[in-house]
Structures are given as structure tokens and as C-alpha cells.
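Peer 1: What follows is the residue order along each chain.
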Amino acid sequence: MSSPVEIAHPLSKYIRKGAQPHTHCSGCGNGIIAQSFLRAVDEVGLPKQKLVCVAGIGCSGWIPSPFFDIDTLHATHGRPIAFATGVKLGNPDLEVVVFAGDGDVSAIGGNHLIHAARRNIGIKVICVNNMIYGMTGGEVAPTTPRGMKTTTTPFGNLERPFDLSKLVIAAGGTYVARWTTYHVARLVASMKNALTRNGFAFLEVVSQCPVHYGRRIGITNPVEMMRWFQKQSITTERAREMTEQELLGKFVVGEFVNIEVPELTKLYADLFEAAIRGSN
Amino acid sequence: MQGNEACALGAVAAGCRFFAFYPITPAGEIAEKMSQLLPKIRGVYIQMEDEIAAIGSVIGASWTGLKAMTATSGPGFSLMQENIGYAVMTETPCVIVDVQRAGPSTGIVSAPMQGDVVQARHGSHGEYEIIALAPSSAQEMFDLTIRAFNLAEQYRTPVIVLADETVAHMREEVIIPQEDSLTILSRKVSSNAEDAARGFLSPSVAPMPIFGKGFAAHVTGSSHDEYGMRQASAPEAIDKIVRTINQKIVPHTDQISSIEKIMLDDADVALVAYGSCARTAEYVVKHARKQGIEVGLLRPIGLWPFPAEGVREALKSVKRVIVLENNLGQLFPEIERAVPSNVETTFLAPEILATLHRPDYVMKYVRGEAH
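Residue numbers (the numbering used here), protein chains in the order written: chain A, 1 to 280; chain B, 1 to 371.
Be aware that one or more of the hints could be misleading.
Per label pair, the in silico range of CB-to-CB distance [said to hold, decoys possible]:
#1 B:Arg243 x A:Gly137: 29 to 37 Å
#2 A:Lys17 x B:Glu172: 37 to 45 Å
#3 B:Arg243 x A:Lys17: 50 to 58 Å
#4 A:Lys166 x B:His125: 33 to 41 Å
#5 A:Pro4 x B:Val250: 52 to 60 Å
Rough simulated footprint, nothing fancy, chain B against chain A, three-plus residues with beta-carbon under 8 Å [as the list claims (entries may be wrong)]:
#6 48 to 62
#7 82 to 89
#8 262 to 273
Bear in mind the hints are in silico, worked out from the structure with no lab data behind them. Quick reminder that beta carbons are idealized off the backbone N, C-alpha and C, glycines included.
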């Protein structure tokens, strides 16, 4: 008698036993981001025990927490980058990856984002940008387009949205890339680039929230929303030839910055040697 | 040596290897000293972008197994409260030094006040227990910082050193003992996967499944079970958390929150004071004794958990109690509750808040000339 063949997903080794079913709504972009990330981890051969995920509060925090079978620190709202800074400085051998939303890293936690970029501490920030507060009920976010109606802007949003990648570039980010959940292959490639470099990395993933965002733009089908992402996406090369007016409402995608600058924990290691020599 | 410097030396002696800070008076000298000492022992000093980030990074560092600390004063202590609650909830050992200054708000940056006593106890939202120690000398800035680390490690919880501007800035003799004569405790760390899986919520303190060991620890400020798994909608889970945090600490109040008794055995009048107020109180006791007045001092060294039993026992045979605080009575309700009901209990703030009590002013109350 032959035993039944066990069929396992090649990435199931990264999934925490008993953590299913997951908590995301049908059609949420988080599943695509989760799989893209685990593929990147697998392809670069990063051992699980070397990885720490730090989660923000919001739907995107639930990508690793508790779904990934990996050390996970589910932080307070807005603070995962600060928590991650302590983890990385505490044990520089660890690869520390933050999963947080646009509200988490650019509204309540905006200060931590720009300072982590400035310090060039070697944490990787995966920012899931759905342009709205999904978990709390679809309120306006700093990334919501102007004029858009949300549960808290019933007459339309008066404010201009943040361009998060530009923000991080201005703060000195040494690796900055933006893709949408439509661009899976390029997203995985950028995640691999982020995981194999020393310095700070910021990866903005424009992602669909069909429940709260989609219905506001009249696209409740997640696949349709991703097609919309495809249509609205402009590569950096093409964007260079377009005016600001022409770029309104578009998603400029690509790898914007990729430079190596001395990483903070390496500088600390040098500092320790110098301080020890100096004190003797 | 200055109290703040002694605090930094105590931290390093206790094994602190991560210190995060955001500049604030009157805690600045702790950071200056830490920034000099830590790199020489491969410890991290980092200046963060605000106090929220400082305590956040301390929590992160603690999960890599390091002993970690931050220092601040009132405004920064207010900002830290949410993450202090997170550290309680996730059983993250760390030390927070709050050098209290005059408040509310920006207040007076270099004047002593004891306005954060209740905030230390209840500043974060939700129902929880906290440990807070109140040094009253430069020597205790050293000793109690070590003790704070030991308690944090032993009970896997944040511990607050509730200093004040006077003890932080005063300069006096500090005896630094030989390293091998110090008692230094370190947290229990999970050594195998089975231990690591049940990494939370044991009344006898679960070993900590620190990061990087392959345990796939799951640490969350959401309601969770003893495996660290989120139980976001079960009232039974949060009930267990609140009761376990209480059970971890409260039954050990006598060991955690010690009290000092000075000339109390035969006293008719007991002064109760902590922190810098205890210095005036001690002076008054010695002065009054010379005049033949039988007065003694009870000094709570640990304020939280409040050592009610110890206070009750120590004050059971006095006739009058005078409580000295540099506020309008933050610890007073706890003391009043602990004192037997037939004992007259008076609260005494300094004539002008944010200054020390004048001994002659206190003496009027001791002699019964003022009430």
C-alpha cells in the first residue's frame, strides 16, 4: 500500500502552523505581498532564524503576524520602525523587516520613517499603501487622493496626498522602490534587492483594498482594481517626460534609488573598535 | 559624584548594553555619561527622534536579549506611556528612568517635584501592575538603577526609576562596590522550542523566547495566550493577561518594594517621605530627636507596587503620621489607607511647590503647632 502523497506549497515552510485561516478580506492585496516576500526570502536563501518581522498596527501588520513562522514583533501603531531600530542595533546579524501601512509609517509614524532613512539603518520597510485606513473603517489617509470621498470626508478630501517614495528619497533613503500588487515579478525582484543590501530600504507597495477604497472609485472587483493599477502605472523613464498635471492620479513605479552608503550598525562596529582602542 | 552620573554607572554595572534617549532636562547627564561609557563595552547609545522612539527601540533591543534602558523627564515620560504599557503587556524587561521635574506641561525644567508618581502607576491605558523605585540620594541613583534592572529581569517587566531633579543633580559621595560583590540578575531565556512556545503569561515568569534563536516567537500587544498567539476577541484571554500580570508582581510586593525605617521603634510621630523629600524628613528627625521629640521616618523605597502591609506594620504604634510629598498628595491616599484608622494622618506639601520642604516648617507640624 502506498501512503498518500503529501502536497505542500513550496513556501509552506514559512507559514506558522495553526495560524490559518488568515484574517484578510477576500481580494486584499496582502496575500500577494505575503507570497512575494516569502518568495524573495526563499530565493535569496535567507535562513528563517536570521529574520525578524516587525509589524505595525493595521491590516498590513497581519501579513507576518502571526502568519509567518518567523520571530515577529507586532508593535504599537506608528512605531514599528522605532522597535525595528532597537532590534537591528541589538543584534545586527538579524535581517529586520517592517510591514506597515501608509497610515502607520506616514501619519502617526512619519517621524520614525524619515529618521530611519536618514540614519541608513539596515532595516527594510515594506509599506503597504492602500491609500485609506482600511482596518478602522475607510477613513481618509495622508495618501488619499484629493477630492476623494471617504467615511470621514463625505464632501471630498481637501488635502494633497503624500508621495511616500519621494518623502523617503528626500530623507536620504538609499534604496527606494515602488510597485503595485499587479507588478509581482518586479516586486519580488525589488524585495530581493532590498534583502541583499546592507542599508535602509523602503519598498512602497500600492495595494488594493476593494472593501474600502475600491467601492469609493467604483471598482469593487479586486482583479479589476489590479487592472486599474496596471493602467494607471507609469515607469520612471516615461514619467520623466510627463508634466505634473499629466501625472496626477498615476502611480509612478520603479526602483528610484539604489546606492550604497555606510550602514549604521557597521558604523557602530567601527565606533566600538575606535572607542576600545582609545580607552586603552 | 552627581546622581545622574551614578545612575549611568549603575546601569552599566547592571549589564545595560543599550541606551536610547531624546534630549531633556534634567535627565541629560545620564545620556552624556552613557554615550561615553557604552561604546567602550560594545554597548549602543542612540539618540532617537523622540521619546516614543526611545522606548520603542529599547523594547526592540530587549527582545534581542540585551538589557536596555531609557531616561527622560515628565514631558518625555508622558510620551512613553503607550509603549510602557506595551512592555508590560508583552513582558519585555527594560528600565525607564524618569527624573521628575516641575509640571504640568513644560513646567520648570530644573525644579524638583514629585508630580509623576500616579502617572508612573497608571499612566498607560488599561489595567496593569508596574514597579517603581524612588531614590533619595546619589548613592541610591546607583544602587536602585541596578535593583531596577534586577527586578525587570526577574519579573520580565518594565521598571521605573522615579528620581527627581534634586537627587539627579545633587553631588555627594557614592561608593561603587567591587564588581564581584554586586548582585546582578539576568532574565531566564528559553533554551528549547517547547519552552519557547509557551513564552508568555506564567505567574512564575515564563522564560523569554528572544529573537534570533529559531523559536519564531510571536510578540504582540494585542490580547494573546501563553503561546503569544493573538486572541483578539476572547474576554477570557484579556482576563487571564490582567490577572497574570498582577499575580507575577503583587504577591512579591515585600521583596520588590522595600521600606526604610529610621528611629521609628519608639516614635510618637512618624514622618513618611520618599525621594528628595526624605532627605529633609531625615534631617528633621535627627533635629527633633536632639530636642527630645520622639519622631521617626518611614521611607518607602519602592512606591509601586505600594508596600501597604509594610507601611501598616511600621506605623501601627505611632500616634500621628505626617506625609511629606512635593506635590498635592499623590502617594498620600495609599498611605492613609494603610495607616490604622485611629492614627491621625496629615499631608504636608512644601510651602511652595517645586522647592524642598523647609525643616523649620516641618518642625511646626511635628511639634503640633500647626495642623
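Peer 1: If a hint holds in the structure, say so; if it does not, say that too.
Peer 2: Against the structure, the hints:
The hinted range of 29 to 37 Å is satisfied by Arg243 of chain B and Gly137 of chain A, whose Cβ atoms lie roughly 32 Å apart. Checked against the hint of 37 to 45 Å, the pair Lys17 of chain A and Glu172 of chain B fails, with Cβ atoms roughly 58 Å apart. For Arg243 of chain B and Lys17 of chain A, the Cβ-Cβ distance of about 28 Å falls outside the hinted range of 50 to 58 Å, so the restraint is violated. Restraint check, Lys166 of chain A to His125 of chain B: a C-beta distance of roughly 35 Å satisfies the suggested window 33 to 41 Å.
Under the hint 52 to 60 Å, the C-beta atoms of Pro4 of chain A and Val250 of chain B, about 53 Å apart, fit the expected range. Chain B is given as covering the stretch 48 to 62 of chain A, and this holds because 5 residues of the stretch bring a CB closer than 8 Å to a CB of that chain, at least three being needed. As drawn, the stretch 82 to 89 of chain A meets chain B at 8 residues by the rule of a beta-carbon pair under 8 Å; at three or more, the given contact holds. Coverage of the stretch 262 to 273 of chain A by chain B holds. Counting CB-CB distances below 8 Å, 3 residues qualify, and the rule asks for three or more.
In summary, the structure is inconsistent with hints 2 and 3 from the numbered list given earlier, while agreeing with the others.
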